[in-house]
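S.K.: What follows is the residue order along each chain.
There are 2 protein chains.
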Amino acid sequence: MKTTRLGRQTVRLGRPPAVLSWANIGGRMESQGPLAADFDELDDDPFFGRKTWEQGESAMQERCLRRALDRAHAAPEDVDAVLSGDLLNQCIGSSFALRSFGIPFWGVYSACATMGEALSLAAILVDGGLARIAGAAASSHFCTAERQYRQPIPYGSQRTPTAQWTVTGAGCCLLGTADRGPFVTHVVRGRIVDLGITDAANMGAAMAPAACDTLCALFRETDTVPADYDLIVTGDLGQLGREVTAELLEREGFVPGDRYTDCGLLIYDREGQDMHAGGSGAGCSASVLCGHLLGGLARGRWQRIVFAPTRALLSPTSTFQGESIPAVCHAVVLENASGAGEETVCSI
Amino acid sequence: MKTTRLGRQTVRLGRPPAVLSWANIGGRMESQGPLAADFDELDDDPFFGRKTWEQGESAMQERCLRRALDRAHAAPEDVDAVLSGDLLNQCIGSSFALRSFGIPFWGVYSACATMGEALSLAAILVDGGLARIAGAAASSHFCTAERQYRQPIPYGSQRTPTAQWTVTGAGCCLLGTADRGPFVTHVVRGRIVDLGITDAANMGAAMAPAACDTLCALFRETDTVPADYDLIVTGDLGQLGREVTAELLEREGFVPGDRYTDCGLLIYDREGQDMHAGGSGAGCSASVLCGHLLGGLARGRWQRIVFAPTRALLSPTSTFQGESIPAVCHAVVLENASGAGEETVCSI
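Keeping their order, the protein sequence lines are chains A and B.
Heads up: the first sequence is residues 1387 to 1734, going by the numbering used here.
Heads up: the second sequence is residues 1387 to 1734, going by the numbering used here.
Same shape as in the complex, but just chain A (with noise of 0.2 Å):
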């Protein structure tokens, strides 16, 4: 099968890579949640072993790494590149993180969708025969996060209902050549949507209107509905954006129903664990993917699933201007059946 430009969004991979391995890691809260068991790794510790938070945030990416290279049994001078991002500034959870590897290293930039992103480039790479095996990973840390774009976090500033909770976490997968998936069959690449919102505490609603954009974009350029998905997963748009989104595709005449969930509400007990409306972070997405989704794709719980993270274009200074909040999501399919070799995909 050819590699297929399906519209301006959304590509075909003729020879979609298969996700040789995956590995995540979390913190204390991701311990508590409801998730805890799809890791591989979950610390206590805020600095994982370092002297300060950044290079903790680091490790976690290090540490997800290695692992995956270990279960792909590759070494890193079998990589040709990874891609990866995160959101402190300079982008330095992830290039501290790559600095030991020697393997060729692109970063990306698209805060909360970046393993959205990063999956996407890589499955570009491995699909065109541009890398043997191509890596993406993202990572957040909500010490970070929180040091970076908000308060200290010794004055326990209080949270709007709205608000999200930025989770302590990286993955990382690999991809290759293989027999054996979950294999990436579509990349779907999103574009800038502002419908003019500009309160940073309630994300989720500034970042759905993307989220339908993108969706939409793959079921109208691949000709298919919700219900041709086991799952339908966005990034971390929480309660709020999760509940906007649903209706927003419902207007468009996709109704998801209960097969559309989002990264950030699955990952925490919201109610248990006072998380307002729910996770949010590069490493939300990531975790949540590299665990607990390609996890259950391997396992055969679904067999086809549409991962579709997104983010928000802002920064504290751009806040501060007052810019509203553009956002992108980048989607990906992905599948236990490559349907390389069948002339169409039959049931898309």
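Honestly, the hints are just simulated from the structure, not real lab data.
We put the beta carbon where it would ideally sit given N, CA and C, even for glycine.
Some hints could be false.
Quick list of simulated restraints, FRET-style, between CB atoms [said to hold, decoys possible]:
| hint | chain 1 | residue 1 | chain 2 | residue 2 | range |
| --- | --- | --- | --- | --- | --- |
| 1 | A | Arg1414 | B | Ala1613 | 57 to 63 Å |
| 2 | A | Leu1581 | B | Asp1430 | 34 to 40 Å |
| 3 | A | Ile1539 | B | Gly1708 | 19 to 25 Å |
| 4 | A | Ile1539 | B | Cys1602 | 57 to 63 Å |
| 5 | A | Gln1544 | B | Gly1582 | 40 to 46 Å |
| 6 | A | Asp1456 | B | Glu1427 | 51 to 57 Å |
| 7 | A | Pro1547 | B | Gly1682 | 57 to 63 Å |
| 8 | B | Asp1456 | A | Asp1655 | 51 to 57 Å |
| 9 | A | Gln1418 | B | His1459 | 56 to 62 Å |
| 10 | B | Thr1546 | A | Asp1431 | 49 to 55 Å |
| 11 | B | Pro1538 | A | Val1641 | 51 to 57 Å |
| 12 | B | Gly1488 | A | Pro1547 | 30 to 36 Å |
| 13 | B | Glu1629 | A | Gln1544 | 54 to 60 Å |
| 14 | B | Gly1708 | A | Glu1638 | 49 to 55 Å |
Computed footprint of chain B on chain A; a stretch qualifies when at least three of its residues, placed anywhere within it, have a C-beta under 8 Å from a C-beta of chain B [as the list claims (entries may be wrong)]:
| hint | segment |
| --- | --- |
| 15 | 1388-1398 |
| 16 | 1477-1489 |
| 17 | 1503-1516 |
| 18 | 1575-1588 |
| 19 | 1605-1619 |
| 20 | 1708-1714 |
Mind docking chain B on chain A? Use the hints.
M.R.: This is chain B only, laid out in the frame that chain A set:
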């Protein structure tokens, strides 16, 4: 010709994308430099008509993209992806620039090597038929960079002799399928090289080993030598970094001689403009590429060049925490002859 992974770092593109159009913009200092005639637009106003420097930086990228679209006789709807980045926290320079176009947008972060990474990925998308037209863009702004990385500008802090001056500028180019070049023929992804340098005011020296590593990978994996190229241009190593890179290359047996220069040296008259070690910033290599270099290729001044911008992996936080400054260099080969259709590229 088939797209081929020549080695771990270098890919030869089988259907080399043509650079359909390019555009750049600069500020006051750039208008006083030796490349002034190679800029499409030079604006004395550091706000570029907006209210803040950061908005001005977005305006630069926006104007470049509009001009590149005009020159390619393309509408935003014809472009399937733009890859873009800048030096600002959370890359707001690029994301707000792209906001109004409705073009699918993947954010990249590779500091001063952003244009190298963006161009590489855009070329891969067009080469593989994954995008009809793909854009690459990057920017930097002296005032936004000083405010974010160094001291408030009114302090008038003294700079060390090894310090570089952040270019106020942006560049954008659009890649597509065409009979006429320049063409992107090879992509080289860089590895992180860390020699333990910690002086953030001497980034040229920190980045030189990465430039050498990537250029040597290109030479070895394509079986070429510096003399096979008319021009080899690193990103913004400045005076000292250029000297170190030349020496390191010579030690590896690749004598670059006069055909090797650096965008940071080209853009300013170092002595006349009191620019210390030269220019830097993501907008340095981007604006030099999208004017001087692509223009020179199109006019036949050069037939084959290597564009190899470098990045430092650091942030104010990592520097405060005593981290070293690892570096990466991402390169592309640009040629007037595409080499497509030939079984082997003869002279390479």
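S.K.: Hint by hint, say whether it matches the structure.
M.R.: So, going through the hints one by one against the coordinates:
1. Look at A:Arg1414 against B:Ala1613: about 59 Å separates their beta carbons, and that is inside 57 to 63 Å.
2. Checked against the hint of 34 to 40 Å, the pair A:Leu1581 and B:Asp1430 passes, with Cβ atoms roughly 35 Å apart.
3. Against the hinted window of 19 to 25 Å, the Cβ-Cβ separation of A:Ile1539 and B:Gly1708 comes to about 22 Å, which satisfies the hint.
4. Judged by the Cβ atoms, the range 57 to 63 Å given for A:Ile1539 and B:Cys1602 is violated: they are separated by roughly 45 Å.
5. For the pair A:Gln1544 and B:Gly1582, the supplied restraint of 40 to 46 Å holds, since their beta-carbon distance comes to about 44 Å.
6. Taking the beta carbon of each, A:Asp1456 and B:Glu1427 are about 52 Å apart, inside 51 to 57 Å as hinted.
7. For the hinted restraint 57 to 63 Å between A:Pro1547 and B:Gly1682, the CB-CB distance of approximately 58 Å keeps it satisfied.
8. Hint check: B:Asp1456 to A:Asp1655, Cβ distance near 54 Å, so the stated range 51 to 57 Å holds.
9. A:Gln1418 and B:His1459 have their C-beta atoms about 58 Å apart, which keeps the hinted 56 to 62 Å range intact.
10. Our hint of 49 to 55 Å for B:Thr1546 and A:Asp1431 is violated, since their Cβ atoms are close to 39 Å apart.
11. Separation of B:Pro1538 from A:Val1641 is about 54 Å and conforms to the stated range, judged on CB atoms against 51 to 57 Å.
12. Here the CB-CB span from B:Gly1488 to A:Pro1547 is close to 33 Å, well matched to the stated 30 to 36 Å.
13. The hint said 54 to 60 Å for the Cβ distance between B:Glu1629 and A:Gln1544, and at roughly 55 Å that hint holds.
14. Taking 49 to 55 Å as the suggested C-beta distance range, the pair B:Gly1708 and A:Glu1638 conforms, at roughly 52 Å.
15. Closer than 8 Å: that is the beta-carbon criterion, and the segment 1388-1398 of chain A has 6 residues meeting it against chain B, so the requirement of 3 holds.
16. With 9 residues having a Cβ less than 8 Å from any Cβ of chain B, the segment 1477-1489 of chain A passes the three-residue criterion, so the hint holds.
17. With 9 residues carrying a beta carbon less than 8 Å from a beta carbon of chain B, the segment 1503-1516 of chain A meets the three-residue requirement, and the given coverage holds.
18. Only residues whose C-beta sits within less than 8 Å of a C-beta in chain B count toward coverage, and the segment 1575-1588 of chain A has 5 of them, enough to reach three; the restraint holds.
19. For a cut-off of 8 Å, the count of residues in the segment 1605-1619 of chain A with a CB near a CB of chain B stands at 0, and the three-residue condition is violated.
20. With 3 residues having a beta carbon nearer than 8 Å to a beta carbon of chain B, the segment 1708-1714 of chain A meets the requirement of three or more and the stated coverage holds.
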